[in-house]
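Undergrad: Chain order of the listed sequences is C and B.
If you want the numbering used here, it's the 1-based position in the first sequence plus 2.
Under the numbering used here, the second sequence has 67 at position 80, and the numbering climbs by one with no breaks.
Note that these hints are calculated values from the structure, not bench results.
With a straight-line Cα cutoff of 27 angstroms, these simulated DSSO-like cross-link-like pairs (lysine-lysine) come out:
no.	chain 1	residue 1	chain 2	residue 2
1	B	K92	B	K58
2	B	K92	C	K75
3	B	K(-4)	B	K58
4	C	K5	C	K75
5	B	K92	C	K5
6	B	K44	B	K(-4)
7	B	K1	B	K70
8	B	K44	C	K105
9	C	K105	B	K(-4)
10	C	K105	B	K57
11	C	K105	B	K70
Just the calculated beta-carbon pair ranges, DEER-fashion:
no.	chain 1	residue 1	chain 2	residue 2	range
12	C	R74	B	I38	34 to 44 angstroms
13	B	T(-8)	C	G87	21 to 31 angstroms
14	B	Q4	C	E19	41 to 51 angstroms
15	B	R31	C	S30	16 to 26 angstroms
16	C	V80	B	G(-10)	25 to 35 angstroms
17	C	S30	B	V39	25 to 35 angstroms
18	C	P42	B	Q4	25 to 35 angstroms
19	B	V39	C	S43	26 to 36 angstroms
20	B	K57	C	S33	24 to 34 angstroms
21	B	G50	C	E19	40 to 50 angstroms
22	B	V39	C	F49	18 to 28 angstroms
23	B	K1	C	N69	45 to 55 angstroms
24	C	F49	B	S60	16 to 26 angstroms
25	C	Q85	B	S(-6)	27 to 37 angstroms
Here a beta-carbon is modelled for each residue, glycine too, at the ideal position from N, C-alpha and C.
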Amino acid sequence: AQKITQTQPGMFVQEKEAVTLDCTYDTSDPSYGLFWYKQPSSGEMIFLIYQGSYDQQNATEGRYSLNFQKARKSANLVISASQLGDSAMYFCAMRDDTDSWGKLQFGAGTQVVVTP
Amino acid sequence: DGGITQSPKYLFRKEGQNVTLSCEQNLNHDAMYWYRQDPGQGLRLIYYSQIVNDFQKGDIAEGYSVSREKKESFPLTVTSAQKNPTAFYLCASSGGARGLVTNEKLFFGSGTQLSVL
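Input sequences plus hints: build the corresponding full structure.
TA: Dropping the structure here:
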């Protein structure tokens, strides 16, 4: 069953504006981790930010922040002050403790295009 | 610099041919993974390995094979049984063995684009 859902296939955002990328997840395990990766057109996957299920505060990394709403099982990525270089595919991923092998499961991704 | 090297960047396969994608890491990581990415889609797990000489099937292992003879190497063979091999293939690694903590992130290579002639 699909554990990670990203409902926005694509988004346009103007330079210097903020953008929110949606991610919902499904797990019955109380211990899990949520990840966001960026994939530019070159193909490599770049780790952006991590949120643990027991973390009390929302994660932040520079212009990236994670809006973690545990009860709603959502982990939205917020990119502030968008730059042209933010144009890429963005993936949400999850690992939970039901899987002792530690595999990451990925959503389908959201394509972001930043316009001048 | 430590990292993951995938080669070749582009690969073409003729019908009925087996091809092997290389993945080497110098991060001293125990775990290695192969993912397949189709256009506009997320990553799907093909195979993974947590330790040398051991590997497990992922969600879409049919038509693929792997080996893990050395800690730093995890080659993927796309066999002739894989009828739709055209895709972008990503190799990844992470530090943990079994008992992986949930915050262990994956490090990725730059990928191999496989196409069928």
